[in-house]
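Those sequence lines, one after another, are chains X and A. What the first sequence shows, in the numbering used here, is residues 160 to 845, in sequence order. What the second sequence shows, in the numbering used here, is residues 390 to 689, in sequence order.
Hints are computed from structural coordinates only; laboratory data are not their basis. Incorrect hints may have been included.
Below, a list of computed lysine-lysine pairs in the DSBU-like style, where the Cα atoms sit at most 35 Å apart [what the hints assert, rightly or not]:
1. 549/X / 486/X
2. 651/X / 461/A
3. 367/X / 492/X
4. 549/A / 511/X
5. 516/X / 576/A
6. 585/A / 587/X
7. 651/X / 421/A
Between beta-carbon pairs, the in silico distance windows are [claimed, not checked]:
8. 592/A / 692/X: 30 to 38 Å
9. 245/X / 417/A: 52 to 60 Å
10. 502/A / 247/X: 35 to 43 Å
11. 262/X / 546/A: 52 to 60 Å
12. 808/X / 515/A: 29 to 37 Å
13. 435/A / 448/X: 44 to 52 Å
14. 516/A / 448/X: 49 to 57 Å
15. 262/X / 417/A: 50 to 58 Å
16. 515/A / 347/X: 29 to 37 Å
17. 573/X / 601/A: 16 to 24 Å
18. 245/X / 502/A: 30 to 38 Å
Backbone N, C-alpha and C fix where the C-beta goes; we use that ideal spot for every residue, glycine too.
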Amino acid sequence: MVKKGSVPVLEVEKLTVSYETERGVYQAVRDISFSVKSHESFGLVGESGSGKSTVALAIVRYLASNGKVTGGNVRFHGTDVYSLPISKLRSFWGSKIGMVYQNPQAALNPTITIGKQLAEMGKTHLGMSDREARQKACEILEMVAMPDPESVIDRYPYQLSGGMLQRCVIAMALITKPELLIMDEPTTGLDVTTQAVILDLIADLQKKFDSAILYITHNLAVVANICDRIGVMYAGNLMEQGTTQQVVAGSKHPYTFKLLECVPRFEHGRKKQLLSVIPGSIPRLDEIPRGCVFAPRCILAERTCSIERPPLIEIGQNHYTSCRLWKRVHELKAVKPEAIADRALEDIPFLKVTGVKKYYPARVKGEGIFGKRKRKYIKSVDGVTLWVNKGRTLGIVGESGSGKTTLARVISGLAGATSGDIELDGEKLGKTIPERKQTQLRKIQMVFQNPETSLNPYHTIAETVGRPITLMGKSNKREIRDRVISLLNAVKLSSHYYSRLPGELSGGEKQRVAIARAFASVPGLIILDEPLSSLDVSVQGSLLNLLIELQLQSATSYIFISHDLAVVQHISDWVVVMYLGHIVEWGDAVKVLKPPFHPYTEALLSAIPVIDSKGVRTRIRLEGSVPSALDIPSGCRFNTRCPRKPGEICRVEEPPWQEGKDDHWIRCHIPMDKLDKLQQPAMDKT
Amino acid sequence: MNGSSDEKSANEDIQVLQDQPKKLTIYWKRLKRQPFAVGGGIIFLFFLLMAIIGPLIVPYNYQAQDIANRLKPPSLAHFYGTDQYGRDVFSRIIVGSRGIFLLGGSGTLLAVIIGATLGLLSGYYGGLSDEVLMRLFDVLLSIPPILLALVLLVTIGPSKPGLILVVALLYLPIEARVMRSMVLSLKMKEFVEAAKIRGEKKLYIWFREILPNTLGSMLVEGSMRFSYAIFLVASLGFLGLGVQPPSPDWGLQINEARGWFSIAPWLLIFPAGTISLLIIAANLMTDGLRHVFYPIGGEI
Chain X
160 MVKKGSVPVL
170 EVEKLTVSYE
180 TERGVYQAVR
190 DISFSVKSHE
200 SFGLVGESGS
210 GKSTVALAIV
220 RYLASNGKVT
230 GGNVRFHGTD
240 VYSLPISKLR
250 SFWGSKIGMV
260 YQNPQAALNP
270 TITIGKQLAE
280 MGKTHLGMSD
290 REARQKACEI
300 LEMVAMPDPE
310 SVIDRYPYQL
320 SGGMLQRCVI
330 AMALITKPEL
340 LIMDEPTTGL
350 DVTTQAVILD
360 LIADLQKKFD
370 SAILYITHNL
380 AVVANICDRI
390 GVMYAGNLME
400 QGTTQQVVAG
410 SKHPYTFKLL
420 ECVPRFEHGR
430 KKQLLSVIPG
440 SIPRLDEIPR
450 GCVFAPRCIL
460 AERTCSIERP
470 PLIEIGQNHY
480 TSCRLWKRVH
490 ELKAVKPEAI
500 ADRALEDIPF
510 LKVTGVKKYY
520 PARVKGEGIF
530 GKRKRKYIKS
540 VDGVTLWVNK
550 GRTLGIVGES
560 GSGKTTLARV
570 ISGLAGATSG
580 DIELDGEKLG
590 KTIPERKQTQ
600 LRKIQMVFQN
610 PETSLNPYHT
620 IAETVGRPIT
630 LMGKSNKREI
640 RDRVISLLNA
650 VKLSSHYYSR
660 LPGELSGGEK
670 QRVAIARAFA
680 SVPGLIILDE
690 PLSSLDVSVQ
700 GSLLNLLIEL
710 QLQSATSYIF
720 ISHDLAVVQH
730 ISDWVVVMYL
740 GHIVEWGDAV
750 KVLKPPFHPY
760 TEALLSAIPV
770 IDSKGVRTRI
780 RLEGSVPSAL
790 DIPSGCRFNT
800 RCPRKPGEIC
810 RVEEPPWQEG
820 KDDHWIRCHI
830 PMDKLDKLQQ
840 PAMDKT
Chain A
390 MNGSSDEKSA
400 NEDIQVLQDQ
410 PKKLTIYWKR
420 LKRQPFAVGG
430 GIIFLFFLLM
440 AIIGPLIVPY
450 NYQAQDIANR
460 LKPPSLAHFY
470 GTDQYGRDVF
480 SRIIVGSRGI
490 FLLGGSGTLL
500 AVIIGATLGL
510 LSGYYGGLSD
520 EVLMRLFDVL
530 LSIPPILLAL
540 VLLVTIGPSK
550 PGLILVVALL
560 YLPIEARVMR
570 SMVLSLKMKE
580 FVEAAKIRGE
590 KKLYIWFREI
600 LPNTLGSMLV
610 EGSMRFSYAI
620 FLVASLGFLG
630 LGVQPPSPDW
640 GLQINEARGW
650 FSIAPWLLIF
660 PAGTISLLII
670 AANLMTDGLR
680 HVFYPIGGEI
């Protein structure tokens, strides 16, 4: 076996890629150099627009028709990829370079069985016979830890879950034992628990296969956990490169340094505080600064920084940075975010939800035309009771399929509850929007996950934000205009945006407008359904700060829905953990995320990749995905996946609510103090 | 907020208008890269202009008979020659364009308006009525259009309003379907949900939230349908079910010219050529519009 990291498999040298667009030619990637050696995993990290995916496409010569390599070269085992004829290239793709993309659903052909698609690879690239190829497909599925590969092989993609599909795609990439495996955001579309399983798999495969891995993602924590070396990209330039240890623990570039600070972390015993953020926003392709691309947002920047673009300089063994002031990066540590004074509020429940259920009727397969119809229901939300205090935030956490979004829709009236009561500010609310009064509607607003579809592309920002004000009965144009501008200022947007259309805004700006719109009607409660999930880390941080500030000023209550526990803990006063339409745990935000907790919460926590994990964390992995809400397991709903299941009782009996210290409730058969004992030692190590 | 800051922000708005590439500029840029579409558009607009002012500027009255000059080949006096009654073919074609635009145009317009409305309601509400309506349209679409038009016109008798109604009925299902499919995805969009949550009335949601997002597609769809309608009206005229003689309808002219083809081919060639030219021009323009609104490569 060759020693780790001795021979470079892939060398990228001074790569520059340009895109030709309607508005001109733009360089998406400038002067990128890095190499990936055999047995090594190299992580390329960057926010959207950093050019990381363009690099991946340029490596395999698969750029869009308007993209062109205008400088530098890509060498694979010493041969220039761009000097090869296309026919030769085809044998490269697939056999020597494997690729795994973000969306496994799109990577697999839905009309062909998994086995056939895998066998195809063996037949074309390795010249195997049908039988050999099938045999190989089976073996490789076993290697990616696919449960029951013999049966999976004859299934179609739609019959498998997202995590299983991604495993198939990885298997497909590995079947030819490629020398280089390129993974472009392979876990981004998956649930946290599934992501954890796939990441474990990748780390494990690294040991089994000789392939060099180029791992591309926006998630620093993921890269820090599975890569040997890291390259950080920003606006098309490489900012820093080095071993994981060097970059994460001893970052010598202001961008990397600030980016690491932006990520909310778990803090035991927390006071509400603002996150440290990077001011400004990622430059658009047509306005890349002349000097250092990060200079306009950098606190350290001097005059020279914005005049001349700094080269990548070696500052330690294999540690490169493109900052000329790298010696001063440690000074950034001194700039601490201020803790904010929490407003004293009386704890009055503003929203009360009692025993709410939302069932959707389902058509069940296999019913005869004349057979007696057995009505089945998808029980998305199955008896939820919770309340939100005035001016406080309730965080709702859970995987996809836990019913958290349905609950939000029920509260907002978009979906009428099947049963149960919703009470707002002491008044009972109608189930659906037409049953509610205009004055009640005004009090509940929503901010959605996808900023791209939250705003009507044909309405100007002024119309979007001004409309709720008009609906409140204000008709004085000047008054509305002033209010819109002050709302825009409140979400830190200048009045420049007043007459723009959403198409001219970035994702983060659109989300700010959506927040301004929600605040326009002076609501008492804003439901935020994964409002930060589709945004970049640095944008997330500033929006989190904005939401906290706005809440302090206006005493608006929030329901904050997210799958990201760290973000939820950061913004929330109370946290509710949902699983399959039930609440399994609720309590004070700090207490819920400290032992004793529900085994499900424990698994969620353990699944989250953490940047600076000191020592060993407990590894609790959940197999499979959330069961269908059509066939809810009997007894405790979590019993089919629970790693701490004490025994038969879980399958038979619904677990009772147990009260812990200071308003902390868990729904589990295992007694609280026993849970505490089980979980405590593991947590101490972190 | 005081007056001066108000003024300042107004100035800033103007600034924004100046340095942001506006949608129209982008459309215009794209249009300039479509020479065929521009050419088609110019020809189309020329015909439209002729339909409006043609009767005022033609050299001869389209009905004026001149037996002495019958069946004359094209010349400087009669650009496209004369027909069996000595009528000027050029003048008849120019005047005839009004009928084509009027019948085809109002038929299509009616189809778009009714179809879009039905599609919008059907898509928005869904359920049983949607199902029934769509199956009804399936039935209409399954009958060959010219056959359906013939049956209807024979039943109600050929007349201008009849023709318009037939064109409308024939193209209405397609417009409704296009609209419905767009509404199906638009009604799930978050901006529509946000409008519902703040308590907007249905009319506002339909016309202010959903409709603007469909206009581009409906414009492209409508102009394509219009080029079909021109052909349909001409075909019906040819079959004698359109406008009746002595109208200068193009289809009718072709039909009348059939018997004279061996001795006066210009009677057939010019009206037929004009129909082809207009339809090709309309198709080129439609194609261009599609590229302007929905460029293949996306917007960057």
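Evaluation of the provided hints:
Under the criterion of a C-alpha separation no larger than 35 Å, the hint pairing residue 549/X with residue 486/X is inconsistent with the structure, at around 48 Å. For a cut-off of 35 Å, the pair hint linking residue 651/X to residue 461/A is broken: about 78 Å separates their Cα positions. Between residue 367/X and residue 492/X the alpha-carbon distance is near 40 Å, which puts this suggested pair outside the 35 Å criterion. Pair hint residue 549/A plus residue 511/X does not hold up; C-alpha atoms about 65 Å apart against a cutoff of 35 Å.
Restraint check: the Cα-Cα separation between residue 516/X and residue 576/A comes to about 24 Å, which is no more than 35 Å; the hinted pair holds. At roughly 19 Å between alpha-carbon atoms, residue 585/A and residue 587/X fall within 35 Å of each other, so this suggested pair holds. Simply put, residue 651/X and residue 421/A have alpha-carbon atoms about 39 Å apart, too far for the 35 Å limit, and the pair is violated. With their beta carbons about 34 Å apart, residue 592/A and residue 692/X fall inside the hinted range of 30 to 38 Å.
Hint check: residue 245/X to residue 417/A, Cβ distance near 38 Å, so the stated range 52 to 60 Å is violated. Between residue 502/A and residue 247/X the C-beta distance comes to about 59 Å, which lies outside the given range of 35 to 43 Å. For residue 262/X and residue 546/A, the hinted distance range of 52 to 60 Å is satisfied, since their beta carbons lie about 59 Å from each other. Between residue 808/X and residue 515/A the beta carbon distance is about 45 Å. The supplied range of 29 to 37 Å is therefore violated.
Taking the beta carbon of each, residue 435/A and residue 448/X are about 51 Å apart, inside 44 to 52 Å as hinted. The hint said 49 to 57 Å for the Cβ distance between residue 516/A and residue 448/X, and at roughly 55 Å that hint holds. Checking the proposed 50 to 58 Å range against residue 262/X and residue 417/A shows it is violated: the Cβ atoms sit about 36 Å from each other. Distance hint for residue 515/A and residue 347/X: a CB-CB separation of about 33 Å, consistent with the stated range 29 to 37 Å.
Between residue 573/X and residue 601/A the C-beta distance comes to about 22 Å, which sits within the given range of 16 to 24 Å. A hinted range of 30 to 38 Å for the beta carbons of residue 245/X and residue 502/A is inconsistent with their spacing of about 52 Å.
The earlier numbered hints that this structure contradicts are 1, 2, 3, 4, 7, 9, 10, 12, 15 and 18.
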